[in-house]
Each structure stands twice: as structure tokens, then as C-alpha cells.
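Undergrad: Listed below, chain by chain, are the residues.
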Amino acid sequence: MAEIDYLQALNQAMDEELARDETLTIFGEDVGGVKGGVFNATQGLAQKYGDERVFNSPLSEAEIAGLAIGLGVTGHHAVAEFQFADYILPATNQIISEASRMRYRTQGDWTAPVVFRAPYGGGVGGGFYHSQSTEKVFMGQPGLRIVTPSTVRDAKGLLKSAIRCEDPVLFYEHKRLYHSIKADIDPDEEILTPIDKAQVLREGDDLTVMSYGMTLQYVLQAAEALAKKGISTEVVDIRSLYPLDKATIVAAAKKTGKVLLVNEDNQQGGILGEISAIINESALFDLDAPIQRLAGPDTPAMPYAKNLEKAFLVQPDDVQAVMEKLAQF
Amino acid sequence: MAEIDYLQALNQAMDEELARDETLTIFGEDVGGVKGGVFNATQGLAQKYGDERVFNSPLSEAEIAGLAIGLGVTGHHAVAEFQFADYILPATNQIISEASRMRYRTQGDWTAPVVFRAPYGGGVGGGFYHSQSTEKVFMGQPGLRIVTPSTVRDAKGLLKSAIRCEDPVLFYEHKRLYHSIKADIDPDEEILTPIDKAQVLREGDDLTVMSYGMTLQYVLQAAEALAKKGISTEVVDIRSLYPLDKATIVAAAKKTGKVLLVNEDNQQGGILGEISAIINESALFDLDAPIQRLAGPDTPAMPYAKNLEKAFLVQPDDVQAVMEKLAQF
Amino acid sequence: MTAQLLDSGLSKTTLQTIYKQILSARRLDERLIQLQRTGKTSFNVSGQGQEIGQAAMVAAFDIKKDYFLPYYRDMTAFMLWGATMKDILLDSFGRAEGPSSHGRQMPNHYGAKHLNVVSQASTVASQFPLATGVAYSARLEHSDRVTLVTTGEGSTAEGEFHEALNFAGVAKLPAIFVIENNHYAISTPSDEEYAAKSLADRGAAYGIKGVDVDGLDFTATYLAFKDAVARARTGAGATLINMNVIRLLDHTSDDNQRIYRSKAELAALKAKDPLKTMTQQVLTEDIYTQAELDDLEAAIKKQINVATDQAEAAPLPDVASLTEQVYAPKEKGNGIYG
Amino acid sequence: MTAQLLDSGLSKTTLQTIYKQILSARRLDERLIQLQRTGKTSFNVSGQGQEIGQAAMVAAFDIKKDYFLPYYRDMTAFMLWGATMKDILLDSFGRAEGPSSHGRQMPNHYGAKHLNVVSQASTVASQFPLATGVAYSARLEHSDRVTLVTTGEGSTAEGEFHEALNFAGVAKLPAIFVIENNHYAISTPSDEEYAAKSLADRGAAYGIKGVDVDGLDFTATYLAFKDAVARARTGAGATLINMNVIRLLDHTSDDNQRIYRSKAELAALKAKDPLKTMTQQVLTEDIYTQAELDDLEAAIKKQINVATDQAEAAPLPDVASLTEQVYAPKEKGNGIYG
Ligand SMILES: Cc1ncc(C[n+]2csc(CCOP(=O)(O)OP(=O)(O)O)c2C)c(N)n1
Ligand SMILES: Cc1ncc(C[n+]2csc(CCOP(=O)(O)OP(=O)(O)O)c2C)c(N)n1
Ligand SMILES: [Mg+2]
Ligand SMILES: [Mg+2]
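Chains as they are written, first to last, in numbering that gives the first Met the number 0: chain A, 0 to 328; chain B, 0 to 328; chain C, 0 to 337; chain D, 0 to 337.
Hints may contain errors.
[As the list claims (entries may be wrong)] Label pairs and their calculated CB-CB ranges: (1) D:L315 - A:K228: 53 to 61 Å; (2) C:D285 - A:G49: 26 to 34 Å; (3) B:K181 - C:K262: 42 to 50 Å; (4) C:E296 - B:D183: 52 to 60 Å.
[Claimed, not checked] Cut-off 25 Å, straight-line C-alpha distance, at most; resulting in silico cross-link-like pairs (SDA-like, lysine to any residue): (5) B:K305 - A:Q106; (6) A:K47 - C:H141; (7) B:K253 - B:N306; (8) C:K64 - A:N306; (9) D:K39 - A:N306; (10) C:K171 - A:E21; (11) D:K331 - B:Q198.
Hints listed in this document are in silico derivations from the structure and should not be mistaken for laboratory results.
A virtual CB, placed ideally from N, CA and C, is assigned to each residue, including glycine.
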């Protein structure tokens, strides 16, 4: 066993898959060479696997995406890194029109088994363009999967599964988790996390809270605090943002009848709205309270000034306060 | 009074605004010259207002968007046409990173008062890339407005308001409405439709149905048919897709307690999920039935083969059947 | 001005085959137009005026191993790459057996797994980044295969065109990028599309060889491609070819070019029809006699009739398949599904 | 090799002012680095090595009427365009009065309404399409103003760069597109960014004049821009200028270039510092005496201290403003709101 952080878990996942799958290539801006990515996620990989398999791309996101897809159609798995999830936007057309449609439009003759990694999330002093949650832009594009790990174990296992998956997978990584969460991971254990399942991280009876990313950490802390006050919380790590794992979501909602959904993104138009709609459709008469969303305000995410950044971000105290209030509803 | 169709209403709106606002320019692929757009929405305008104000752009959507935004920051209103709503995707970065953020990131020093027109929707034998509903991609980007007219009067009035609005507005037009709906419009009447309001098109007590675009026509027809069977339907034209008009939506939901949401897009991840979440948040205890969504399947929209196209699209009969069943819930 | 066909260095037999394929493509296109006009199909893109260039282009490749990412006006190229008349017609009728998309896409969106012809979207130029990935895969596999990708001149204004060529230059990819320059993007004439003297000048912008060629001249075009393919196959990198052609007909069956092109312009175009030129050359150079050509016309007509009947009778996709192949089938036991 | 400053045709007084501004920018950058290292601010992009080129560039414009869309390494250019030390520092501290974004954006995202400097996003090259709109507006207003837009060489790989230049060529826009080529995009050296011999060759790809200039040479750079501005102002269209410069420091305060650039490379760079060269020229050409320069240094230091104190003391944005200016205020009675 060795304690590693979320970023190291990602690096291990890619290292192991490069060793296992000779077709696999990994590239993106500053991903190759000695730098190994601006967050160092690919550090050491170019040296170990050569510049043909792990390399720098020019500064062009549509090309990064299309290069991956073109490798995919010829049977090569690829991991393409977008330097920040904000910079995935120039590649939107490639991801939606090409990657997400390839299998369906040829009924499986051609496929795009590629992973697009995208570091997302705020609280890093990055202002609008180094902080955003852009996952909602790609929500509801059948053929595409969107996943995000919120534990160290999943960072490793989910990335390995995404690489092995024959579908295109958008892989979101919360930047503030890179070094803030750590876990003991046996380097010899082959970890594969299901890419199609939400995960119940904590069982409880009084209320159900679903989240992902940084805010999920706050939910777990609050659940712990509430437990001391005798309130028992069911905590769901949504994990597969699209398609959603309806069964796990609905079961967890029914279990307590009080549901809180939390994410860092704006309140309107994101993943949480869809989850709320699914619960309403399948569990309306089990609900004891309106499904609540705790999320960022509906303003552009997020200003640079420290006080505004903080005001934009859902804070740990907010999470606990809302949970407590919902439990008492 | 003269009977005009939805497309003519759009043309009139642009014509009147070009005459009124000397800063206004209109451009896009094939928009200028004698062609006046592949759907003829801008027919006659280049001749009337000159090639400097109404012109063809090269085939480059990011440039089309950016050109508009650049005009906007210098105080010029602009209408940029994307030839199909499918081809807005290469402009995603411009629309989200630039247009939607400009006012906020400068606190109003610079603004982007531009309209992006996007013909959307299927049932035209256009396959995946001439049929899609791409509005959800832009949902939840504060600073941006998304609107779509579903009546001839609104086609005119909403486009005029969008042009006058100081915010960037994504203006979706359902292609199948271009010639299929007509109305008597007084050419001398100055029509301005509020860009921030849903509209109750029909009052009723038994169930509430909310929709936009082609499916709204089916809802209206079904409401008429159901009226003959003694079922009374409240019909809401959502119209402002983002930001949503919460007040009108919640009031209409509360009124009957039975809500059906209909659109042509996929079921998961679109506008309807957000509406459902809003209703759940504000009117849970007024609901007598789960909020239902009737929408396309969660498969890529939409195959070319006639039978598959039809199977993808919500059909008038489906709408009526689901409404009738919900009324009886 | 047009070079002799036999100066291409291709044998008489090869030239016979190629001419036959070109004529078949022209006649098939005429049938497709008829089918669309009579409401039997709903859409067609005609490539008339571009066939000679397309045929000369494909003749330079090894279609057994090379990859092709075509665009919607490439019917002739697709047929020379191995597609049958029936394949084309199946796609046109939106039939399940259509190789391009099994009825999922509009006609003219060519693709075929068994021919190494990669499926294309309607979003113009979006195949260019893909082509760089396909080309890169050859390097990973230590294969000397070459990747061919085409588009119209209007579509080169897209950012994705630029991003792909830039990477191809950096990575010295074994790829050939072709602009089929018919001087119109729907109704927009090329001086409103770009201001470069020639689009071949964009080669230098990417450290790629740029070549201009008259796509109405079979031999000139063939030789330019032959050279480009040889360079790509031997590691000398990519080539950008600006192939000048003409668009004889409307943009698509939804368009009417008489609105934006004058009668005089259209008449001048018609006089330049490269099929007429080539037919003349075929006769002059004794590749076919007039009698053989007459037989050929008759045989093609028959083939088209048979293929049309077969394709029309073929089944539509199964409606139940609407929800199939959205995602990969979930294999059990591989650990990646819950 | 470097041309004489006075050969620029600029007066001694003008050159004095420009040198003073350049020196101020260098010293201010040093202060910004210090503030970041001591945790008083959280981020900085240094433009050291690019200042001379930037100053020569701006000197060719009429900052009273021209428009500027800068990029994040353009602090010197922004200051020559009229921004004060305090403006820069307010932005760095994320203060409400900061002209660029009133505390909304990271430092180095320059903009100022009163200076016609348009706000920029962090998404590289996305200012290029905007710049074409700004340039087009001059035509609509029958103004002879010129639009300047800059970026780094790595960012020219973006599709938006291409789309903008293509349109600028077609529309003969009064715009000047500048590549500040420091040969690195973060850690990626330019041979992995592009393969063109020179990025100026991209001009021809767009029917635009392409010019290479040594951005370490004040006079050469100034004269190249002067010519380009004159062309733009008189309707001769756009110019693409590839300005070769050096990046003396890390990409940003988040980077450490010693990882990917050798000691030898960095030492060679330092020896080329264009400020050293210019200082030498200023003395040799009697623009300033050493004693005057010493006074200048002292005065600048004082100015920076004052500006730093003022900026630090300035208030942060009001937290209540978090939800302001998302949309235009709803005017009553104009009919467009319900
Ligand atoms: C991204 C995108 N934008 C717009 C269109 C609509 N469109 C289809 S073909 C075409 C013109 C293409 O012209 P060109 O590239 O010259 O090819 P040609 O049709 O002349 O062969 C346009 C604008 C599209 N298919 N994709
Ligand atoms: C669209 C986009 N992709 C990636 C980035 C991250 N990024 C910021 S600066 C930079 C390198 C830019 O290099 P260059 O254009 O040469 O400018 P320089 O920093 O050298 O002045 C990168 C990759 C970004 N800001 N925007
Ligand atoms: Mg063309
Ligand atoms: Mg650089």
C-alpha cells in the first residue's frame, strides 16, 4: 500500500494502460516532453513510452479532439487532454458532431473509443476561464459518456475503465481534488470502476444528498457533522454524469424522501436539473420535500477577486446548513 | 392586414429593424447577394440596404460569431445567421467565452448586443446534421438569452425585440414552421414581443402542457381535440428558453397540478429537465401527478431513413394520447 | 492544352477502366437527379464537372491499403475507391444495407468500412482533424499507408481545416489534403470566400508542399497526385493540392443556381464539361472506339436499371434499430460496467 | 545589427518618453513578480523580452482613435496605449477600480473602455474574430481608424486565428494582426507548434501582406508597423506581422521554465535582453545621459511604490455585485421586456 493523491492516481492509471494497451496514445498541450502537463498528470510518461505515444500537440483543441477520433476510428485508443475544461469549447463540434455520432451513424462500423480529459472547477484563483464547470455543455449528447471521479480510488479506476471503454468518454477532473484528497492504494491491484454507475458513499435514513466533485467533499464532511447530531445522511456520488444511473438515483431518493442535489456549477441548466426531473418522474409520491438544489448562482462562473470567487462557490457551511434544514423539513 | 408565414415574419422583422437602426448589419453564409439565405430569410435585404450592411460571410462559424461580437463591442447591433442550428457548434467558444461573458467580465464597459439566428428542428429529411435541436448546448450560460418563437406574430415581434436587446440572444427558428404556419399581420403595426416571458396560449383547468417549436403545434391541436371531449388544457409557449420565465411556468403548473412538458429534442439533458426541476422546487405540493416529459428518445437526432426519422420525432398522436392519459391520472 | 491521357503513363486497359467508371458515375448521377425529381428519393448532391479530377486523384492511390475521408461531392471518387452503383443507390434510398450509414445519414455522405473509407459528417471540414488521426495511426502501425481527405474550397475557411493542416505539417504526416475548388460555396463566389491568390499558397503556411492542378485535365491531375502519394509513402510528409474544377449543376437538389449565376456563365461552364473533353481524348487516343462507347453506354444504362431496382426493393432499417448502437454493447466481465 | 533609434524618424523627446515607459514597464513587472512571490497577489504573466517590440508597435498607432485587442503578455503595449501603473496594479490586486475587468478577470487580461482597448478572454486567439468585427465597424462608420490585435505564436494554431485572417483578407479590413513570436507556448517549442518557415508566410494564405520583423530591434519594428498602419489607414487592407521576440522568464508565475529549457539556453537569452540593448542605444545616441537614467530609475521606483500602496488600499468589488451586469438592465417602456 502507498498513499497517493488524486493526481497520482490519474498518472498511475495512464501509466498502467499505456503498458497494457500498445495502441494507446496520450497527447495534448504540454502533455509530452519533460513537463508532462501543466498539472503534471502525464509526468514521466513521454520518457517511459516514447514521443510517438505521448506527445505535445499544437495549441488547437479541435485538432486535439479530431486527432483522437481519427486514431479511434482506426482502432487506436487515445487519451486527449484539454489543458482546462474551459478550453474544451473550441472542440465542441468535433466532440458532438464526430465523436458522439460516429458509432450510431455507421451502426458500429466505425467507432471513437477515446477519452477526453478535462480539469475543471474553481476555487483556484483562475477567474472565468480557468475555473468553469463545462460538463453541462455536453450533457444530453447520446453516444457520449461524461464521468467524473470524486475519490482517489475512482480517479484511478474510472480513468482505466474510460480508456478501455469503446465509447467516447469525457473525463472531468476537479482541479482542487488533485492534491487535496489522498488514499492508500495498492499499486499492484487492478482497479476498474464501472463507468455507468453512481455510487452510494454513505448510507443514511433521514435525507439523501447527491453530488460530485469538490462539493461532494463538503457533503461528506457535513454528513459526518450531522451524524453527531443524530441525523443520518445517504450520500450519493453521481459519478456518471451522462448517461445518468437512474436506478441508483431513484432508489436513493425513495429511501429518505428528502433530496438535496449539490454542485459547483450554476443552478440553472446543469446536471442537477436533469436529476431532479428523473426523480420527479419516478419517485414523486415518495417525496416529503421539494427536491432542492444547492449550486452556484446564475452568473458567469467565476470572478477572480477573492471575495467574489468565494461568494460564487458553494461553501462547506452552506452545505451543512441546507442539509440540516432539509432534515428538519 | 396581410397573411404572411413565419419566414416572411422574420424577413419583415429584419427589414424593419434595418430601416430603423442604421448600425445594424446582417450576415452569414449565403445571406447576402441575390440568394438571401438558403431558406430565403434575408431575401431582398442586400439589394435594399447594400452589401456593406447585408453580406455573405465565408464559411466559418466562429468568425461569423466573432465578427458579430466585435461589431457589438463597438456599439453596432448585428444579426449573424448560422445556416443550420447544427452548424453553430464550431462557434461554441465564441458564443460562450466571448458573447456570454463580455458584459459581466467588464461590468458593462463592453457589451455584445448581437442576435445569432439558428434554424433548427427535424422532419425535413435532413439527417443528423440538418435536423438537430442544439439549444440545450447553450442552456445555463448566464449573460446569454435563448428564445424561440412558435407563432407568426412572435416570429416578427421576438426577432425585433432580440435585435433591440442589449444582450446577446440566440434565436432559434423551427424550420418546419417557416411555411407551415401563417397569420394575418398588419404590416404597419410595430410588433415587439417580450424576450423574457413565456406565454399562455390557451387557458385550461385540467392539465397544463408546456412546449415550444413544432411540438407546440401538436399540443395546440390536441388541446382542441381534447376540449371536444370535455378536457380543458392550459397551454404554455415556453418561448424564452433561457433564462426561463419561472413565474409563468410555476403559476401554470400550480393551476392544474398536472404537468406535461413536450419538445422535439432528446429527453435527457435538455430544457425540459430544468423546467421540471423549477416546478418541483416551487410547486411540489400542488402536483397531482409526476411531471411528465414527452420528447425524443435518447439517441442521436435524427436518422435520415423516413421510418427512423418518424420514429425519432414526437408525433401528434403521441401528444394527444399522453395528454389524455395525464388528464385522467 | 489538356495533356494526352496516355502521357499519364497508365496503360490503355487502366484508362479504359477509369473512363468506364467516370462515365458510369455521370450516368448514375443523372439517374439520381431523376429519382430525386420524381420524388423517389429526397436529396442529391451532384458532382458533375469534378469527376475527371476525382478519378485522376483516386487512380494515384493504393485503395487496398490507403484510407480515404471524402466529402459529399465525391461520388466518382468513392466509386473509383470501390463503391458499387448499388451501394450509392442504397444510400440514396436510405436503405439498411447502404454501406455509408445504413440509412442513418443523408445521401452523399460516403463511407464504407470494408473500403477504408471513413464516415463523414455534414459539418464541413470536420473530417480534416480526423484525417490527421487516421494518418498518425499509420505511423503507430509502421505502415506506409497514405490518408486522403477532400473538401470544397469554401470549407477551407473553417478553423478545423487550419488546425489539421498545422498539425500535419508539424508531424510530417503521410496525408494528402485536397481542395476540390469549384469556385462556389453554394451561392458564394470564391472572392467572397478567400483572398489568397491560390489556395495552394496555404501549403507554405503549414510547412507543407502546396500544389495547384487543373482538375479538368486527367493526366496533369494524376501525375500531381502520383508525386504527392510517393512523397507521403516515403516519409516526405503531407501535400496540399488545390484542384481546380467546375460545378456544372446546382449546389444540391435544394438549390437553384440560375438565381445567382448568369446564363452566360452557365453556358461557358457547360462548354468546359471535362467529360466531353475526355471522351474526345479517349476516341482520339484510340482508347475506345465510338462503337465501343455506344456499347458502354448501353451496358451502363442496364447496370443502373438493375441497381436501381435492387436498391429500391431493399428494406429500410428496422424501426427497432432506432435505439441500437448508441453505445458499445456492454460486454460482461470486463470490469468496466456495473 | 540593431538599427539606430533615431533612424526611426521619431524625435528625441518621443524616444525619451517611450524609453521611460519601457523602463517603467520592466520595473513594474519586477514589482508584480515580487508581489506574487510574497503572496500579496496570486498570479502574474511577465512580458520581459517582448517590451521593446511592443513599444515600437504601439508607437506606430494613433491611440486616440485606433482600437487595440491585446493578449496577456502585452503589459508594456497596454501602458503605451495609455494604461497607468495604478491601472495595472489594481487589476493585479483584483480591485473594483481595475479598468480591465473591475476585479472579475485574472491579472494580465487587459482592457479599458476609455482607451479603446477591448476586453480579452483567456481562451487564446478568441480575440481575433472579435478584432475583425471591430475593424469592420470602422468601415460602417466611415472612420479611418485601425484595429490592432496580438497573440503568441503558439496560439496561431487555433482555428479562430485562421477564420479571422481569412475574413480580413476577403474584406480588406483595416486591421493589423500581430504574432509576438517568443518561440515557446508554455513548454512547447515552436517546432512542435508549427512547421511554416516563418509565420509571416501565412499572410499569403489569406491574401494579406505578411511581414517578419525583429522585435528586439526598436527601429526596425517601428518602421514595419508604421508602414502597416499607413496601409490600413488608406484602405490597402490588413497586414500580418510576425514579430520575433524572446521570453526571458517563466510562462507565468505558475510555471518553471528551468524544467524544459537548458541553463545554456536561458543564459543565451539573458544576453539578448532587448532592454539592455536599448539602454545602451539611448546612452550612445544621447537620448538620455547616465545621470538622467539614474534619476529616472529613482523616479520610477517612487511611482511604483505610490501606485502599489494606492492599489492595495483600493477596495475589492462589492460582494453584492456578484449578480450585477449579467444582463442589460431592463429598461421600462421599450417594449422588449414583459
Ligand atoms: C460547418 C458547416 N457549415 C455550413 C454548412 C452548410 N453548407 C453545406 S455545403 C456548403 C458550401 C460548401 O462549399 P465548398 O466547400 O466550396 O464545397 P462545394 O459544395 O462547392 O463542393 C455549406 C455552406 C455545413 N454543411 N457545415
Ligand atoms: C483555447 C486555449 N487553450 C489553451 C490555453 C492555455 N494556454 C494559455 S497560454 C498558452 C500558451 C500560449 O503560447 P503562445 O501563443 O506562444 O503565447 P506566449 O504565452 O508564448 O506569449 C496555453 C496553452 C488557453 N488559454 N486557451
Ligand atoms: Mg465550392
Ligand atoms: Mg509563445
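Undergrad: Indicate, hint by hint, whether the structure satisfies it.
TA: Hint by hint, here is what the structure shows:
Between L315 (chain D) and K228 (chain A), the C-beta spacing of about 35 Å breaks the proposed range 53 to 61 Å. Between D285 (chain C) and G49 (chain A) the Cβ separation comes to about 55 Å, which falls outside the hinted range of 26 to 34 Å. Our hint of 42 to 50 Å for K181 (chain B) and K262 (chain C) is violated, since their Cβ atoms are close to 35 Å apart. The hinted range of 52 to 60 Å is satisfied by E296 (chain C) and D183 (chain B), whose Cβ atoms lie roughly 56 Å apart.
Straight-line distance between C-alpha atoms of K305 (chain B) and Q106 (chain A) comes to about 17 Å, which keeps the hinted pair within the 25 Å bound. For the hint pairing K47 (chain A) with H141 (chain C), the CA-to-CA distance comes to about 20 Å; that is within 25 Å, so the pair holds. Pair hint K253 (chain B) plus N306 (chain B) does not hold up; C-alpha atoms about 38 Å apart against a cutoff of 25 Å. A hinted pair counts as satisfied when its Cα atoms are at most 25 Å apart, and K64 (chain C) with N306 (chain A) does not qualify at roughly 60 Å.
Pair hint K39 (chain D) plus N306 (chain A) holds up; C-alpha atoms about 15 Å apart against a cutoff of 25 Å. For the suggested pair K171 (chain C) and E21 (chain A), the alpha carbons sit about 22 Å apart, so the restraint of at most 25 Å is met. About 19 Å separates the Cα atoms of K331 (chain D) and Q198 (chain B), which keeps this hinted pair within 25 Å; it holds.
In the structure shown, a violation is registered for the earlier hints numbered 1, 2, 3, 7 and 8, in ascending order.
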